[in-house]
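Undergrad: The chain contents come next:
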Amino acid sequence: MNKLLLSLIVILSACAPQVVIPPVQENELGPATPEQIALGKELFHDPILSSDNQISCATCHESGQAFTDGQKFSKGVEGRIGKRNSPTLLNVAYLKQLNWDGGTNSIETQMLVPINDPNELNSSIPKIVNELSKNDHYINRFNEVWKDSISAYTLTRSIGAFVRSLRSFNSRYDKHLKGEYEYTNEEAVGEALFFTSGLKCGQCHTAPLFTNQEFINNGLVTSPADSGKARITYKREDLEKFKVPTLRNIALTAPYMHDGRFQNLEEIIAHYSEGGQPAMNKSDLIQGFPLSPFEEKALISFLNCLTDEEMDL
Amino acid sequence: MKNVASLFLLLTIISCKEEKPTIPSENETGTLTLSIDSRFNDLDFILNQVYTLNDTMSIRVEGLKFYISNVCANSIKSVGLSLYENDDDYSFELAPGSYSSLSFNLGLDSITNHGDPSLHISSNPLSSFNDTHWSWAQGYKFVLIDGKFDSDGDNIPDQSFSYHIGNDDYLKLVELNTTFSVLENETTHIYLSFNVAKTFDGVDIKNKTFTHSTGQFELVEQLASNCQSAFSINE
Chain A
1 MNKLLLSLIV ILSACAPQVV IPPVQENELG PATPEQIALG KELFHDPILS
51 SDNQISCATC HESGQAFTDG QKFSKGVEGR IGKRNSPTLL NVAYLKQLNW
101 DGGTNSIETQ MLVPINDPNE LNSSIPKIVN ELSKNDHYIN RFNEVWKDSI
151 SAYTLTRSIG AFVRSLRSFN SRYDKHLKGE YEYTNEEAVG EALFFTSGLK
201 CGQCHTAPLF TNQEFINNGL VTSPADSGKA RITYKREDLE KFKVPTLRNI
251 ALTAPYMHDG RFQNLEEIIA HYSEGGQPAM NKSDLIQGFP LSPFEEKALI
301 SFLNCLTDEE MDL
Chain B
314 MKNVASLFLL LTIISCKEEK PTIPSENETG TLTLSIDSRF NDLDFILNQV
364 YTLNDTMSIR VEGLKFYISN VCANSIKSVG LSLYENDDDY SFELAPGSYS
414 SLSFNLGLDS ITNHGDPSLH ISSNPLSSFN DTHWSWAQGY KFVLIDGKFD
464 SDGDNIPDQS FSYHIGNDDY LKLVELNTTF SVLENETTHI YLSFNVAKTF
514 DGVDIKNKTF THSTGQFELV EQLASNCQSA FSINE
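In order, the protein sequence lines correspond to chains A and B.
So in my numbering, spot 182 of the first sequence is number 182, and the numbers just go up one at a time.
So in my numbering, spot 106 of the second sequence is number 419, and the numbers just go up one at a time.
Just chain A, with the same shape it has in the complex (with noise of 0.2 Å):
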């Protein structure tokens, strides 16, 4: 009887979804120490970052809303409207290429998208270090954290140790792994609907960060158009393929998409029953499939376990 018992436990266990958290993608200086962190967290809310003064990180990447901002497209300077959904920044410690086509392979390369974009902080490298040099309060932040001048790499790293320090594992769906809390019943038949049915969400979605990180195309037909990787490839095989999302948190990032065209987590939904539409380099794991109304509740109520309500950022 305790053999049969202790099979099944094994067997349980191997089904339930992996729980190991990959290494984080450090920089060269390896972990960052809580000064770095915080000189980040000051320019990361600082607009003089950007050309106008009004635009900081933190416009476009709300800690409220899981460091999104609710918009179909973010508002640069001037009011200049971006041209991609403003992704959340939670866990990017974790990933190995940023922006949706997988254009840079790390946090500090990555934000020079956004300060030189002309919609988003309009700014450049040059532009910024000659600003903050200028300013006393920040002369004497970067000496006290770093014991040096506020440079190209001084500023990269401090925002970088900030961003990097944004992790997010601390939700219904953790404590659950964890012991810690017991789902309803719906939300149990959300997580087995999630990870082990046909419907195949957990295939690119893989835990622990909800994102395999890889680029596919869900069957989106880009409007405005959009190459997506293959933007940055030009290859005709990555035409609109986009970098899976992390659904951590999806509760808080709507609206959803690289061009934010759904505002709900039905639509997304709707959207993978109904196989995509018939859009260029589709993969093949968006086939559609059948869902009752008992069970897409569950669903949701599984992706909402994804929220870390515990955030202190």
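Keep in mind the hints are simulated off the structure, nothing from the lab.
Careful, some of the hints might be misleading.
Said to hold, decoys possible - BS3-like, lysine-lysine: derived pairs with alpha carbons at most 25 Å apart:
| no. | chain 1 | residue 1 | chain 2 | residue 2 |
| --- | --- | --- | --- | --- |
| 1 | A | 96 | A | 235 |
| 2 | A | 83 | A | 282 |
| 3 | B | 521 | A | 235 |
| 4 | B | 485 | A | 235 |
| 5 | A | 200 | A | 297 |
| 6 | B | 521 | B | 485 |
| 7 | A | 72 | A | 282 |
| 8 | A | 147 | A | 75 |
| 9 | A | 127 | B | 485 |
Here the structure of chain A is known, so what remains is to put chain B in place on it, guided by the hints.
TA: Just chain B now, kept in the frame of chain A:
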């Protein structure tokens, strides 16, 4: 900052070919200086000056930059890379020896190309302060040629063109035959000519005024090849 210097040195070493120098000691170095003189066919080239291209069209080049890296003599690699911004001397450390050929990359090898510009101090050719980096693609512009051409026949350059060549696919190797020696702790000059007019060979400027290497790949290849063949030894 020590780490930054180490990383730069490591990247330089990684890109070396494995052939060993046919010369005294690995620790001994001399200096090879490429003295670059830009021309517009037979004329001295000066930024912002108006020239006549193919005897038909007035053109004014307002910006010209390009990277020179992986400078090799008989396949022995030098240390360092340079960003050409004006006629000047660009120096590289090279093992002493007698050589019969010179080659260099017009652009940057893939590892350097996709590195982080913030790792470099502002005076470094790879820093963000040179405005030669595409942040969205995490890569450098190998060659930048910007200016205006005469679009309406009044001999006044009035319409902009902008050619920025980058991407690993368009890295070009320039090979030149020349005989020279490098001596320990001494500087050897090689005088190079870069013919700006040649960069426009076969390019329909009026109808193809712009590429930043994200499309029009035939034009990008044409420009990159033109730049590759625009160098010559200035005897």
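Undergrad: If a hint holds in the structure, say so; if it doesn't, say that too.
TA: Now for the hints, and whether the structure bears them out:
{"no.": "1", "hint": "A:96 - A:235", "in the structure": "holds, 20 Å"}
{"no.": "2", "hint": "A:83 - A:282", "in the structure": "holds, 22 Å"}
{"no.": "3", "hint": "B:521 - A:235", "in the structure": "holds, 23 Å"}
{"no.": "4", "hint": "B:485 - A:235", "in the structure": "holds, 21 Å"}
{"no.": "5", "hint": "A:200 - A:297", "in the structure": "holds, 17 Å"}
{"no.": "6", "hint": "B:521 - B:485", "in the structure": "holds, 22 Å"}
{"no.": "7", "hint": "A:72 - A:282", "in the structure": "holds, 23 Å"}
{"no.": "8", "hint": "A:147 - A:75", "in the structure": "violated, 35 Å"}
{"no.": "9", "hint": "A:127 - B:485", "in the structure": "violated, 32 Å"}
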